[in-house]
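For this one, chain X is given, so just place chain E on it according to the hints.
Number of protein chains: 2
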Amino acid sequence: MNIFSQRIELVRSMLRAKDWDAIVITGSDPHGSEYQASRWHQIEWVSGYSGEGDLVITLDSAGLWTDSRYFIQAGRQLPGTGIDLHKMWVPDQVLIPQWLAEQFEGYDDAVVAVDGLSQSASSVLDIVKAFGGKVTIVNAPDFMNAFWKDRPAVPAAPVSVLDVKYAGWSREQKISWLRKWLGEKGFDAILLTALDEIAWMLNVRGSDIAYNPVVMSYLLVSTDDVRWFVRKPSLDAGRQGTEAAFDEVQESGIIIDDYSDVGLALSDLMNDDYFGKLYVDISSLNYDLYNVLKDSGQSSKVMSGKSPVALRKAVKNEVEIECMREAHLEDGLAMERFLYWLDKMMESGDTVSEYAASEKLHEFRSAIPGFRGESFETISAYEANAALPHYVTPSESSAEMFSEGLYLCDSGGQYLYGTTDITRTVPLGSCTALEREDYTLVLKAHIDLAMAVFPYGTAGCQIDALAREPLWQSLRNFGHGTGHGVGFYLNVHEGPQDIRQNFNSQPLLPGMITSDEPGIYREGQFGIRHENLLLTVDAGTNEFGHWLRFEPLTLCHFDTSVILKDLMDKAEIDWLNEYNAGVFTVLSSHLPREIAHWLRDKTKPI
Amino acid sequence: MNIFSQRIELVRSMLRAKDWDAIVITGSDPHGSEYQASRWHQIEWVSGYSGEGDLVITLDSAGLWTDSRYFIQAGRQLPGTGIDLHKMWVPDQVLIPQWLAEQFEGYDDAVVAVDGLSQSASSVLDIVKAFGGKVTIVNAPDFMNAFWKDRPAVPAAPVSVLDVKYAGWSREQKISWLRKWLGEKGFDAILLTALDEIAWMLNVRGSDIAYNPVVMSYLLVSTDDVRWFVRKPSLDAGRQGTEAAFDEVQESGIIIDDYSDVGLALSDLMNDDYFGKLYVDISSLNYDLYNVLKDSGQSSKVMSGKSPVALRKAVKNEVEIECMREAHLEDGLAMERFLYWLDKMMESGDTVSEYAASEKLHEFRSAIPGFRGESFETISAYEANAALPHYVTPSESSAEMFSEGLYLCDSGGQYLYGTTDITRTVPLGSCTALEREDYTLVLKAHIDLAMAVFPYGTAGCQIDALAREPLWQSLRNFGHGTGHGVGFYLNVHEGPQDIRQNFNSQPLLPGMITSDEPGIYREGQFGIRHENLLLTVDAGTNEFGHWLRFEPLTLCHFDTSVILKDLMDKAEIDWLNEYNAGVFTVLSSHLPREIAHWLRDKTKPI
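Chains as they are written, first to last, in the numbering used here: chain X, 1 to 606; chain E, 1 to 606.
Bound conformation, chain X alone:
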C-alpha cells in the first residue's frame, strides 16, 4: 500500500462518514483554467498522477479519466494506487457521468459529492442527466482541506499593468466595446470567470498560475459599473509592491472588491428588483456560483452563452500582431543560439542531459529584454521519452543525449510583447530509416497545413485532415489536436478556434494565431513533432469567394539533414526552402558571425 492508496482510503473514510457513494475530484480550479495553481493539484496529491484528468472515488473502486496524451504517463504513475485508467476520446469511451450511473444502477438514492469550486456546472449537470435525475449531488467546496493539511492557499502573486503600446486597446476601449455588446444584445451585465479574458479586459498580468500570466479574479461588467473581485495588496502580502497597478486599474473607474465577495455580489444583483439580465457562460461557471444564481430564485434573469471576450481576444489587433512578430524574432534568435550550442556539444562528443538542455534554452531566453518566463514547462525529451507528448523533464537524472537519434524540444516564452510556442525535433546524429521516414512525413503534415488556402468561414476541424492525410497515407497518426489558439502575453492555449478532429464551428479568422503541430509517437522508440505558430491572414477575394491563408510567425529553421526528399512533393520542398531561407534572412544579422555561418549552412535549400 503506497502513500497514494492510503490517501484514497482517507477520501473513502470521508465517503463513509458522510454517507456519500462517490466523490468526483477534478483537475480544475474555480475558473475552469486549463492549468491550475498548486492549490488545485488535488489529483496529484491524492493519486500521484500529475497529468490532466478527473478522478472518481467510490467505496470499492477508483478511476482516472484522461485522453491519449496522458495514457503512457498514467500507465507509469497509477500502478499501486488501485486507480483504473479510463481512456477518453477512444471508441466506446464511457465518460464519468455514464460510468457513475452504471455503478449505481438500480439505486434510488445515490449520493455523489463534488467540490463545487473546482467543477463546472455543466459537468455536474451531465452527471444528474446520466442518472435521469435520480441522484443527490452534494456540493462540498474545498473538501480536500479536511485531509490535505498543507494545501497551498489561493495564490495572490504580484500584478502588473500591460502598457497599451503592447496591448493595442486600452482597458477603457475594451470596457466600452463590451458595454456596446451588452447593449446590442439587451443584457445589463456580464460575469467573466475565465482568467485570461479578465487579464485581457483589464490589461493586467500576474503570475497566480505558473506559465499563465493571469490574476485569480472575477470581473462583473454592467452598464453601471465594473467590479473586479481580486485579492488586494492591502489584504494579501503577496501583492505588496504592486499597489500602483491596482491604482491604475481603479483610475480607469473600476471598483476593486475582494475575491471572496463575488458570490455575495451576484446574489445581491439577482435580488435587485431594478436589475435586468445577467449574461454568463453557465457551462464553464463553477457549480458553486451556479448554485448562487440558482438559489436566488431569479434564474429568469440569467442568460447563458459563450463569452464574447474569447473571440475578441483571439482576433489579435494590429499592435498585438506587430508585437508578436517581435516576440518571434527574439524567440527565434534564442532558439537558434540554443540549437547551435547543442550542435557544437554533440560535435565535440559531449553528452548533454535533457534537463541541462532545457536550462540552456532558458538561459538564452532569459537574456531577452521583456522575457517574463516560459509559456509552459519545456518538454526536453530524447528518443523514447519524446514518445510521451506531454513528457515532463525531471530536474534530476534526466536522460543523457549523445550524437545519435532524435531530440524533441517543445517550449515557448512569455514576453511583455507576446507569447511563443515552438517545437523542433532535432537529429543529433545518425537516425534510423524509420526515424527519417517519420521525420519527413511529420514535416509534410506540418507544411501541408501551413500552405493551406481556405474560404472565409472555414473552421479548423474542416482542414485538420490536411495535416493528417500525409500520415494517414502510410497508416500513421497522432492522438492530439493539430493546433490550438495562442494568447498575447497570456495563456499559450486559448480558444475559441482550434485545428483538430473534434467538431468546433468557430471559423479561423484573420488575426487569429494558431499552432500547427502534427507528430508521430512510437512508444519505447522516439517521438517527432514539428510546430510553428501560424497567423491567419487575408488572401483576397474573387468570384469564388473570400480567401484566407496562414503566415508562419515562428522563426527557426527546420533541420533538413535527415529528410527523405523523395517523400516530399515539389510544393512542399519549395515551401521548406523558402521558409528556411526566410529564417536566415531575418535572423542572421542579429546573430554572432559563427552562428550566422552555421545557420546559412543549416538553411541551404534541399
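Among the hints, a few may not be true.
[Unchecked claim] In silico DSS-like links for lysine-lysine, alpha-carbon gap of 30 Å or less:
no., chain 1, residue 1, chain 2, residue 2
1, E, K602, E, K344
2, E, K134, X, K277
3, X, K180, E, K134
4, E, K185, X, K87
5, E, K604, X, K185
6, X, K185, E, K87
7, E, K604, X, K570
8, E, K570, X, K129
9, X, K294, E, K570
10, E, K344, X, K134
11, X, K306, E, K570
12, E, K134, X, K185
13, E, K301, X, K129
14, X, K602, E, K301
15, X, K570, E, K185
16, E, K306, X, K87
17, E, K604, X, K565
18, E, K277, X, K134
19, E, K129, X, K301
20, X, K129, E, K604
21, E, K134, X, K306
In case anyone wonders, no lab produced these hints; they're calculated from the structure.
For chain E alone, coordinates are given in the frame of chain X:
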C-alpha cells in the same frame, strides 16, 4: 404580368379570403422525398421555377429560398414573377423562419399557413420558434387543389419484388433485424416514412417518383405486426398487373392497408392503453401526421430519433456490393460506347445536340439486361450550360456541340442489380488554357479524395477539404457537396453519410457507397465535374488504429488529352494511370474490337 405572377395573385386571394398573413409552399412531398412526383411540383406550377427550394408568399412579397446549385437557374426563371431569390448557405443567410419573423415583427397575431402534408414538422416548429411562439400556424393540407385544377393524383405505379439474389437480405431477415433493434431499445413500434427505407425493408420497387424506384407508402413495424399503408391494385388501376408482388409481400406476413389510413392507424395506436412506445423521426415526419400524434394527447408514448434503417441500408451487404460491381461494369461499357460514338461524331465534323447525346447514352444503357431507367435526369451540357451544376437539357433546341471545348455529362442508371452515377467532362477538341487548368485541378481534387486513407470513425466533413484544397490553392471552389451516398437500385442520393463541408457526424463505414464529384463552374463559360462512386473498404489495423480507404466502383476512363501534367504530383499521376489501365483491362474484352482499340489509346499512361 406573366402567368406565374397571376398564379401568385391567386394564392394571395386565398390569403385575403382566409385572413392568412403568409403561406409556405415547399418543394417537398408527404415523405420528405428529395425528388417528388409531379403532384408535388407545386412551386413550379406557381412560379415556373423548376429547381429545388421553398417558396413563401405574403400579401406584399414573395421569396424563393434555394442554394448555390440553383442560383443561376433561379436567376433565369424568376424574373417577371415578382419573386425574390433568397440565397441559402451563404454568409449572413436569412432562412424562412427568421425572415417570416422579421416580416411580422411587432404583430401579435401573425397567421402562417402551411400544407402539413408537404412540410416536415421540424420546419414548421422552426417557424414557431423564430416567432418566439407568437404565431398561429394553420395546417391546410393540399390547399393547392383550390387553384391547381389539373393537379396530378397521388401516384400508384406498378410495383415489383426485388429478388433476394440481388437484395442479399430477405424481407423476413430485415423485419427480424428491425424488431431486434426495437427490442434492444425498448420500443414497441417504429413508423417508417422515408420511401427508400420502406422499399429497402420490403424488397419492393416501384416508379411512383421519376428515377427513384420507390412506392408511395408508410410502414409501421411493431412487435405484433407489420402494416404497409399503400394503394392496392384492387383500389388503383395504375397498379393492375402487379398483384403478384403484393401477394408475395402479404405471404411474408405483412398486412396491407390503404395509404390514406395511416393517420387513423397512428391515432388508434396512440389511444391503445396496452401500447407502449412508438419510435418515429419527428424531424422528418410530415406536419399532418405530427399533428395526429400530438392531438392524441399521448405524446409521451412517442420517442423521436433517426431511423436505424437509413444506416443499415447505407452499409451494403456483400451480395449488394457484388451486384453493384456488375452494374458498374455494364454501365461503364455503355459509357465507353457512348464516348466512342461522340468522339467519332466530332472527328467526322458532325454536330450533336446535347439532347441527342443524352438520347444516345440512353440507347446504350437501354440495351443492358436489367436496366430499369436512368437514376436521375441526365445532365448533358456543353460549354456555358455546364456551368449550371443541375442544368436540365431541353428536349427541343438544346445546344449543338462541335469539336471544341468541354462537354459535361452527369448521368446514371437504375439496374435490377444496382444504381450508378457518373460524371465525365469530355474535351471535344481544343480547349482554352483556363479550361485545361480547371480540368486538371478538378481531376486532382477528385483523385486526392479517391486516394484518401483515414481512421475508422472519420466523417465525410472531416475529409471534404482533401478534395477542395487543390482548388482552394488557386482560389477556386465549388458550391455543392463533394459526395453523397448512393442507394442499391434505389435513390441515387441517400444518407446518412456524405462528404461535404456541413458538419455531419456519421462516419464513413466499410460497405458504404459515396460519390466523389468536385467541380469548377464559370458562369457564361464552362463547367467541369469529375465523378466516380467510391466504396469504403477496410485498409487494415496497426498500432495507430483501424484504417479505411476508398475503392472506385465506376469503370470509365478519364480523358487525359487536356491535362496539364505539371499541375499534378506523382501520386496523382500514378493513380490516374492505374485507374485508366484498370478500366481498359476490365472493359476491353466486353467491347467490340474497334472500341477496345480506341479505349487502349484513350487509357495510355500520361
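Each hint tested on the structure:
1. Proximity of K602 (chain E) to K344 (chain E) is assessed by CA-CA distance (about 13 Å); at most 30 Å being required, the pair is judged to hold.
2. Distance restraint check for K134 (chain E) and K277 (chain X): the Cα-Cα separation of roughly 22 Å lies within the 30 Å cut-off, and the hinted pair is therefore satisfied.
3. With a C-alpha separation of about 29 Å, the suggested pair K180 (chain X) and K134 (chain E) falls inside the 30 Å cut-off, and the hint holds.
4. Between K185 (chain E) and K87 (chain X) the alpha-carbon distance is near 26 Å, which keeps this suggested pair within the 30 Å criterion.
5. Only pairs whose Cα atoms come within 30 Å are accepted, and K604 (chain E) paired with K185 (chain X) is rejected, the gap being roughly 64 Å.
6. Our distance criterion of 30 Å between C-alpha atoms is met by K185 (chain X) and K87 (chain E), whose separation comes to about 26 Å.
7. A distance of roughly 25 Å separates the Cα atoms of K604 (chain E) and K570 (chain X); the hinted pair therefore holds under the 30 Å criterion.
8. Under the criterion of a C-alpha separation no larger than 30 Å, the hint pairing K570 (chain E) with K129 (chain X) is inconsistent with the structure, at around 53 Å.
9. Pair hint K294 (chain X) plus K570 (chain E) does not hold up; C-alpha atoms about 63 Å apart against a cutoff of 30 Å.
10. With a CA separation close to 76 Å, the supplied pair K344 (chain E) and K134 (chain X) exceeds the 30 Å bound.
11. For the given pair, K306 (chain X) sits about 46 Å from K570 (chain E) by alpha-carbon distance, which is inconsistent with the 30 Å threshold.
12. The hinted pair formed by K134 (chain E) and K185 (chain X) meets the criterion: a straight-line CA distance of about 20 Å does not exceed 30 Å.
13. Using a Cα cut-off of 30 Å, the hinted pair K301 (chain E) and K129 (chain X) holds, with the two alpha carbons roughly 20 Å apart.
14. Pair hint K602 (chain X) plus K301 (chain E) does not hold up; C-alpha atoms about 71 Å apart against a cutoff of 30 Å.
15. Restraint check for K570 (chain X) and K185 (chain E): not satisfied, since their Cα atoms lie roughly 54 Å apart, outside the 30 Å limit.
16. The suggested pairing of K306 (chain E) with K87 (chain X) holds, with an alpha-carbon distance near 28 Å, which does not exceed 30 Å.
17. The hinted pair formed by K604 (chain E) and K565 (chain X) meets the criterion: a straight-line CA distance of about 29 Å does not exceed 30 Å.
18. Our distance criterion of 30 Å between C-alpha atoms is met by K277 (chain E) and K134 (chain X), whose separation comes to about 22 Å.
19. For the hint linking K129 (chain E) to K301 (chain X), the alpha-carbon distance of about 20 Å falls within 30 Å, and the restraint holds.
20. Straight-line distance between C-alpha atoms of K129 (chain X) and K604 (chain E) comes to about 62 Å, which puts the hinted pair past the 30 Å bound.
21. At most 30 Å may separate the alpha-carbon atoms for a hinted pair to count; K134 (chain E) and K306 (chain X) meet this at roughly 27 Å.
Of the numbered hints stated above, those contradicted by the structure are hints 5, 8, 9, 10, 11, 14, 15 and 20, listed in ascending order.
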